[in-house]
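Chains as they are written, first to last, in the working numbering: chain A, 20 to 568; chain B, 3 to 316; chain C, 38 to 252.
Check the hints yourself; a few may be wrong.
Stated by the list, open to error - Using 25 Å as the maximum straight-line C-alpha spacing, the simulated DSS-like pairs for lysine-lysine come out as follows:
hint	chain 1	residue 1	chain 2	residue 2
1	A	305	B	63
2	B	110	A	368
3	B	56	A	368
4	A	305	B	56
Said to hold, decoys possible - Some chain A residues judged to face chain C by a derived CB distance under 7 Å, without partners named:
hint	residue
5	134
6	202
7	205
8	241
9	274
10	459
11	527
If you're looking for bench data, these hints aren't it; they were derived computationally from the structure. Beta carbons are placed, not taken as given, at the ideal position from N, Cα and C, and that holds for glycine.
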Amino acid sequence: MTTATLQPGPSPTTRSEPTYLNVRTTISSWLLTTDHKRIAILYMVSITLFFFIGGAAAALMRLELLTPQGELVTSETYNKLFTIHGVVMVWFFLIPSIPTVLGNFLLPMMIGGRDVAFPKINLASWYLFMAGGLFTVFSIVTGGVDTGWTFYTPYSSTYANGHVIAMATGIFIAGFGSIATGLNFIVTTHTMRAPGMTWSRLPLFVWSLYATSVILVLATPVLAILLALLALERGFGVGIFNPAIGGDPLLFQHLFWFYSHPAVYIMILPGMGVVSELIPCFARRKIFGYHFVAYASIAIAVLGFLVWGHHMFVSSQSIYAGMIFSVLSFMVAIPSAIKVFNWTATLYKGSILFATPMLYALGFVGLFTIGGLTGLFLAALAVDVHVHDTYFVIAHFHYIMVGGMVMAYLGGLHFWWPKISGRMYPERLARLAALTIFAGFNLTFFPQFILGYLGMPRRYHVYAPEFQVLNVLSSAGASILAIGYLLPLAYLLWSWRYGKIAPSNPWRATGLEWTTPSPPPKDNFEITPVVTTEPYQYDPEAAELEAHA
Amino acid sequence: MSTFLHRLFPKEASNLAPPVDHVFVALLALCSAVAFLVLVVALVFCIRYRRGSKANRTPPKGSPLRLEITWTIIPFFIFLGLFFWAADVFFAMSRPPADATEIYVVGKQWMWKIQHPDGRREINELHIPVGRPVKLVMTSQDVIHDFFVPDFRNKQDVVPGRYTTEWFKPTRPGRYHLFCSQYCGTDHSLMVGWVYVMEPAEHAKWLAGQPAPDSLVTMGERAFHTRGCSGCHAPNAAIRAPLLDGIFGKPVPLSDGTLVTADDQYLRDSILLPNKQIAAGYDPVMPTYQGQIGDEELNAIIAYLKSLAAKETP
Amino acid sequence: MPSLALPVEHQFDDAGQQREAATLGMWVFLSTEILFFGGMFLAYTAYRYTYPQAFAEASRQTLIAFGAVNTAVLLISSTVMAFAVRAASKNRRALLGLLLLGTAGLGALFLIIKGFEYAHEIKEHLLPGSRFYTNASDPKHVELFFSIYWVMTGVHALHVTIGVVLIVFFAFRAWFTNAFLNRDTPVELLGLYWHFVDIVWVFLFPLIYMIDRHS
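Construct all of the structure, not just a fragment, from the sequences and the given hints.
Here it is, written out as structure tokens:
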């Protein structure tokens, strides 16, 4: 009975009205649901599964890299491990993470709607995602793929071992799920807003989801056609990318990064949105520079489409193209900087409470700042030549993806957990987990910056002995990080059944999602809310008075 | 202290290393300052305005617009400056000097094959004298590789089907890591080697200790005859084909009216894919040599054609 | 596309909101489609620029008569579709069914002609792969042209096929149900899709069949 675990024990409140969780409890009522909140739960369960698959691969890699000789696994296995880690984490965890779980759950509630615009398409997205996941898992269990998540040609199309086509098919199918989610969010944000919910009253999380959706809709189809062409070349020897049969490998890289660089922003913009919700709430201050933070999301989405060539500075692309991509890459850092400054300024004259979500949010700001600043090294042409394809790059994007997105996802998950489950999690344990993750993360990835500048290339199974000390430090950090990630899994599952019953607004937060009971009823609101104020009407002085009282 | 720093910072062993490191250190200083500033400000706010502290919380007056514009404009100009500086260094890194020694590099899964101009070959090792600029002309037999010498601060993808170049002037004798840094398959991490930078006298001794083969030009000239190139590309041949004396580096008019410069890439394509670009005034009758001629022999023929051009312009 | 049966689904407040959402949804979908074809057009452009002679030579081996007739067929079908949308907005459902069936018929005719063209090309060994053969001077890049040709026209034909199936389905709904009673949005959106498929072909036709025909 899988539904039993998904159902809270005693009824959370004395209300007679059923919640979205217990309105119907059969398995089919979950698998055929069109309720955005239930679809969010389906996604949450699936991406958690994928997160631990990808994490297991990472753990094995870090274990292997304890020694320079490469003794634990063969090089073939190692290559498959980092491919699994990359593919699963990028397409089956990071890209869906915040949009499909928190976005699906919250977007309609935040704008005062009953559901997304196309609930059936929303369910179809999940099925596409799962079908893609099945193909990918199939290709992993039947031998794996050793191309790396970037699938560079002609290696992937001609020389690679394993089920490249099956894995590409999995990503191709999951991609259509992404597109459908993006389409749904764009239309929902445009057409489903409650009366009075103008664009400048939208929560910043909605702005960031909107920017993310634009990227999902416009970039993902390019990846789809690219993977189709790759499969044709590999399956039928049709020469498109392999120079030995008439193609050009650089075209593959251009198309790949035309998708994959914007995809990086798919993997960080929603996190920025979450943090823009958490910081005002726990600092009890209106967000500083609302319009700047909102437009910065759009600016990142637009500029993000114009910088893909900075992945190709040493690929033999023209040096003049390199210059244009370099200057644009510097420019895309500006809106990110604006966001960091505004979050920091929001703390000024606040009444700051260090609850678990706030710890994650502050951790996000710190780690994202380091991740973003090290991005400048990669935008600078001369320095990028040296650090390209080294551990410096690995460290940089893990600071963004893990230090940024995963921290934000966990922060958001804790923040909205009372709303999602109707239960509170154990606060002290949660704070301990947040600090463990923060410490483990830095120990894992900071040494990799140094490794990279020293010249250790990425995707090396065997490495030069002088790199060992830093690698051991990194592996030690990874073990702390692993414990940190297992903690929330344990106590959140526990709290689903045994946690304290949550009130409808435990954080005294603004936002429409907090005006409805926890967990919300199926249609979110009994009567459609009317919005009359701007978001984030927090008052630090009132918070102080309450604290003293 | 210095040994500790050496563990955290790679050696500077080429002319490119100091300028790259200067940009890097400048970025490091700037980014550390910004990160430190954000950290300190956030920390001060977090302590001062923690819930329950006795701080003044009356909302600040005035529009935040000036602050927003300040922290938008200042990064913009700093970034622009950094961009120009790094691009300037990058230009120097991408343009080899004219007097550089040309060495051909062929990458294949999973080894580096190196051809010196005097015909000597090495595998996974490169011996060069200190203080003389070296230009690597590189191609791959299979997948994309990347020639990376961290202590020289330069790297370049090695792409099948085309030539790419990379240059440096070694400034310190010693032994330096050579890594393949573009993922190329199972033994990617074993596609490594050493670059030996030697004092000129020592390099001469190393040269003397090796059996002296024919120079690359001589090998190319021989191939030019044995492969039958000279059957057509000769003044009195029965089939009309362009004469190749002195063609290297010259503009070549094509049958579609455009002009190309006869560089390494053009000569390579003309041998492997003769019909990609057809010289104006000639019939497309040249057969393709793709699959019949290896990259190393091809490099020798191109070196020979280059030598003809060098002879013509004293 | 939202459900075709219910007048207003539960998540919408009124029919106006539903109509707005559906229309915007279709436009967003088409923008995705443009980028999907865009990847292929980029590949085409890059290679045509690199190998102009091989592409011109390959283009001369295509059957321009078939392509031209097909262009006309699709353009006419789009016109018929436009009349169908008009019939839907005027609530003339019998006529709507008839016009939709006409559109679908022309779409099917396009596929049949394309099928004969494909059959001819397979017979002439112009399908890339091990059996590909051409006596052109640069066979490798002629093959490259045909790789891109088969992918682009194949994906386009898939879109036509999906369109034909949907249009036939709509035609029968128009005749035998009340689905489009006072409700023309679905037909209008189907029309948008069909015009998009048509426009893609209008770009494909000159790019594939008309490079350097005169020389």
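Hints and how they fare:
Simply put, residue 305 of chain A and residue 63 of chain B have alpha-carbon atoms about 13 Å apart, close enough for the 25 Å limit, and the pair holds. With a CA separation close to 62 Å, the supplied pair residue 110 of chain B and residue 368 of chain A exceeds the 25 Å bound. Restraint check for residue 56 of chain B and residue 368 of chain A: satisfied, since their Cα atoms lie roughly 11 Å apart, inside the 25 Å limit. A C-alpha spacing of about 20 Å is found between residue 305 of chain A and residue 56 of chain B, which places the hinted pair at or below 25 Å, so the restraint holds.
Interface restraint check: residue 134 of chain A against chain C, minimum CB-CB distance 4 Å, threshold 7 Å, status holds. Restraint check, residue 202 of chain A versus chain C: the minimum CB separation of about 5 Å is within 7 Å; hint holds. Interface restraint check: residue 205 of chain A against chain C, minimum CB-CB distance 5 Å, threshold 7 Å, status holds. Below 7 Å, beta-carbon pairs count as interface contacts, and residue 241 of chain A has one with chain C at about 5 Å; its hint therefore holds.
A cut of 7 Å between beta carbons decides the hint on residue 274 of chain A: the least distance to chain C is about 6 Å, and the hint holds. A cut of 7 Å between beta carbons decides the hint on residue 459 of chain A: the least distance to chain C is about 39 Å, and the hint is violated. Evaluation of the residue 527 of chain A hint against chain C yields a violated restraint, the C-beta minimum of about 29 Å exceeding 7 Å.
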